[in-house]
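Colleague: Just so you know, the sequences run in chain order A and B.
For the first sequence, our numbering begins at 1 and goes up steadily by one.
For the second sequence, our numbering begins at 494 and goes up steadily by one.
Some clues are possibly wrong.
Cβ-Cβ distance ranges computed for the label pairs, FRET-style [to be verified]:
1) R59(A) / L568(B): 17 to 23 Å
2) G297(A) / T499(B): 51 to 57 Å
3) R100(A) / P518(B): 20 to 26 Å
4) R591(B) / Q277(A): 56 to 62 Å
On the chain B side, residues computed to face chain A include the following (Cβ under 8 Å) [what the hints assert, rightly or not]:
5) A509
6) V521
7) Q527
8) A550
9) S556
10) V572
11) V573
12) A577
13) P578
If you're looking for bench data, these hints aren't it; they were derived computationally from the structure.
Each residue gets a CB set at the ideal place from its N, CA and C atoms; glycine is no exception.
Take a look at the letters that make up each chain.
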Amino acid sequence: MSLPRNACEIRAAVAARDVSAVEVCREALDRITRLDPTLHAFLHVDEKGALERAAQLDRRPPAGRGGGAPGLDRAPLLGVPVALKDNICTAAMPTTAGSRVLEHYVPPYSATVVERLEHAGAVIIGKTNCDEFAMGSSTEHSAFGPSRNPWDTGRTPGGSSGGSAVAVAADMVPLALGSETGGSIRQPAALCGVLGLKPTYGRVSRYGLIAFASSLDQIGPFARSAKDMAALFGIIAGRDPRDATSAADAVPDYTKALTGDGDISGLRVGVPRELLQDGVEPGVRDAFDAALRELQGAGATLTDIRLPHASLAIPVYYLVANAEASSNLARYDGVRYGTRADASTLSDLYYRTRARLGAEVKRRIMIGTFVLSAGYYDAYYVKAQQVRALIRKDYEEAFARVDVVALPTSPTVAFKLGERTADPLKMYLSDVFTAAANLAGLPAISIPCGLTRETLPVGLQLTGRPFDEATLLRAADALERRFVTPRPDVDSL
Amino acid sequence: MSMAETFTRADIERIARLARLELTPDEVTLFAGQLTAILGYADQVRQVDTSGVEAAALPASGSIGSREDEPGPSLDRDVVMSQAPAADRAAGLFKVPRVLGS
Numbered sequence: 001m002s003l004p005r006n007a008c009e010i011r012a013a014v015a016a017r018d019v020s021a022v023e024v025c026r027e028a029l030d031r032i033t034r035l036d037p038t039l040h041a042f043l044h045v046d047e048k049g050a051l052e053r054a055a056q057l058d059r060r061p062p063a064g065r066g067g068g069a070p071g072l073d074r075a076p077l078l079g080v081p082v083a084l085k086d087n088i089c090t091a092a093m094p095t096t097a098g099s100r101v102l103e104h105y106v107p108p109y110s111a112t113v114v115e116r117l118e119h120a121g122a123v124i125i126g127k128t129n130c131d132e133f134a135m136g137s138s139t140e141h142s143a144f145g146p147s148r149n150p151w152d153t154g155r156t157p158g159g160s161s162g163g164s165a166v167a168v169a170a171d172m173v174p175l176a177l178g179s180e181t182g183g184s185i186r187q188p189a190a191l192c193g194v195l196g197l198k199p200t201y202g203r204v205s206r207y208g209l210i211a212f213a214s215s216l217d218q219i220g221p222f223a224r225s226a227k228d229m230a231a232l233f234g235i236i237a238g239r240d241p242r243d244a245t246s247a248a249d250a251v252p253d254y255t256k257a258l259t260g261d262g263d264i265s266g267l268r269v270g271v272p273r274e275l276l277q278d279g280v281e282p283g284v285r286d287a288f289d290a291a292l293r294e295l296q297g298a299g300a301t302l303t304d305i306r307l308p309h310a311s312l313a314i315p316v317y318y319l320v321a322n323a324e325a326s327s328n329l330a331r332y333d334g335v336r337y338g339t340r341a342d343a344s345t346l347s348d349l350y351y352r353t354r355a356r357l358g359a360e361v362k363r364r365i366m367i368g369t370f371v372l373s374a375g376y377y378d379a380y381y382v383k384a385q386q387v388r389a390l391i392r393k394d395y396e397e398a399f400a401r402v403d404v405v406a407l408p409t410s411p412t413v414a415f416k417l418g419e420r421t422a423d424p425l426k427m428y429l430s431d432v433f434t435a436a437a438n439l440a441g442l443p444a445i446s447i448p449c450g451l452t453r454e455t456l457p458v459g460l461q462l463t464g465r466p467f468d469e470a471t472l473l474r475a476a477d478a479l480e481r482r483f484v485t486p487r488p489d490v491d492s493l
Numbered sequence: 494m495s496m497a498e499t500f501t502r503a504d505i506e507r508i509a510r511l512a513r514l515e516l517t518p519d520e521v522t523l524f525a526g527q528l529t530a531i532l533g534y535a536d537q538v539r540q541v542d543t544s545g546v547e548a549a550a551l552p553a554s555g556s557i558g559s560r561e562d563e564p565g566p567s568l569d570r571d572v573v574m575s576q577a578p579a580a581d582r583a584a585g586l587f588k589v590p591r592v593l594g595s
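Could you put together the complete structure from these sequences and hints?
Modeller: Dropping the structure here:
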């Protein structure tokens, strides 16, 4: 028999002992071996560890017998292969965040999300490629070379969590985790044709996530179906005593929140049409309009709304995020961990070790250092935080009238490798529709909504109220019943 | 009307020193142009009327609160020190090159 492909099917088949976790794991490893030389989704594949873990799961005592953890058969991700973005710490694997500064670094502990995945019976397959310290929108700023889009290998998968998006889109794994600061899950999800969710700020523990911008960063899931995403999200969501910024709000049963029949009657969708004026490619616009019609077809109502300050999200984002990054990345000094350059004085040690940072990381540290420096702090940083408050207020007012806000996830389809690397500002504008949700701390999802004429995927973005990921997953579930979602033809690669 | 900054090579070198970044002469030239463009783009933020608006620090987000300041379990010191490029684990010290005379 052919092996199940989606997480929930894999879990059911492994639990019923129809297939073994080892068979599923080998299939994932085989696909990675075959496809990754072309796609470069992974920075590290833990073949030995994954197979050992799978074999250990296969040796679990029969249901109802004593011995191991009670009810491993009921573990929500039993035997499911999962990939992790390489800025999520794993005690058993290298964690580089795509940087030379952390080359060969193996953390002394695993992130809380990793412990939760292991407890849920998942098999961690490896670590995925990303822009260095998650700073980028294409994975081209990875120190270890770019990932490639499975729909067209001459194009980027987006970023910064591009490797995780590719791994799920090319069916190397059914599930992956990424991280977001300004769109780094949703944008690659859109460009690769998979689901990507940026949770509410505080919904998922960041213990063990390598920090970029601490008032914006969140870990979130990639999947190919709403049901799979709901299963994964329910595991990683929730309060963690080791992350003081994780929220204690109750975690609902996201799987139960799915529609069951694709009916989202009563859902009020707000469309901020004035944001769609410039720069949205016609193919993206057409797919977006079609997605709105499908939402209506599933029972939703559309309302025009205004978000007067949302057009300022990118400049605000690049002031706030880079200020925080310049502070967070001061830790890479060659003293306590990571690589160290040869130097005869402490001062030289700092300069020479940090010379190993890539150009984009240096550029952002420079911007952040400037906006926090004496004489400019109020004019740039405080001002940006004030406008951030206005952006948040725009959404609060919108949510008095609608339940979700709809926009294209990205104004363009996947762009060609090298197309934006010479012009940082052009690269930054990749996040024009995504950064506002991070600034406002809101949950937002990218849902595949068809292909353009050149056979490249487009994502619909829905942004919801704080802690209302369930509504976003419901809408994703409804849409996936109305769109035939084709997969990229990776077997011809 | 614009208050945008223009970054000279000297400005870039000053900021790089604050951040302990060693830049090549080419990077100094490149960043002078790029920071001028990027901060120029960000200048639209400075034009917004924000009188009476309180600066947002963290996104308001559910029940995130502080905890009692009580010591709890932490990472094992030996394990942490084993990550250091140079350390005296017995003494519990990280080793660095000389600090003075730089």
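Colleague: Is the interface hint for V572(B) satisfied, with its Cβ closer than 8 Å to some Cβ of chain A?
Modeller: holds, 5 Å
Colleague: Would the hint on S556(B) be counted as holding, given a Cβ-Cβ threshold of 8 Å to chain A?
Modeller: holds, 4 Å
Colleague: Taking the beta carbons of R59(A) and L568(B), is their distance inside 17 to 23 Å?
Modeller: violated, 31 Å
Colleague: For the range 51 to 57 Å, tell me whether the beta carbons of G297(A) and T499(B) fit it or not.
Modeller: About 53 Å separates the Cβ atoms of G297(A) and T499(B), which means 51 to 57 Å holds.
Colleague: For the hint 56 to 62 Å, verify it against the beta carbon of R591(B) and that of Q277(A).
Modeller: At roughly 60 Å between Cβ atoms, Q277(A) and R591(B) fall inside 56 to 62 Å, so the hint holds.
Colleague: Close enough to count: is the Cβ of Q527(B) nearer than 8 Å to one in chain A?
Modeller: For Q527(B), the interface hint holds, since the closest Cβ of chain A sits about 6 Å away, which is under 8 Å.
Colleague: Using Cβ atoms only, decide whether A550(B) comes closer than 8 Å to chain A, and label the hint accordingly.
Modeller: holds, 7 Å
Colleague: Classify the hint on A577(B) as holds or violated, based on whether any CB of chain A lies nearer than 8 Å to its CB.
Modeller: Because about 5 Å separates A577(B) from the closest Cβ in chain A, which is inside the 8 Å limit, the hint holds.
Colleague: For the hint on V521(B), does the least C-beta distance to chain A fall short of 8 Å?
Modeller: Status violated, d = 10 Å.
Colleague: Between R100(A) and P518(B), does the C-beta distance stay in 20 to 26 Å?
Modeller: holds, 21 Å
Colleague: Under 8 Å is the threshold here; is the Cβ of A509(B) close enough to any Cβ of chain A for the hint to stand?
Modeller: Holds. Min distance 7 Å.
Colleague: Against chain A, with CB atoms and a cut of 8 Å, does the hint on V573(B) hold up?
Modeller: holds, 6 Å
Checked against the numbered hints above, the structure violates hints 1 and 6; every other hint is satisfied.
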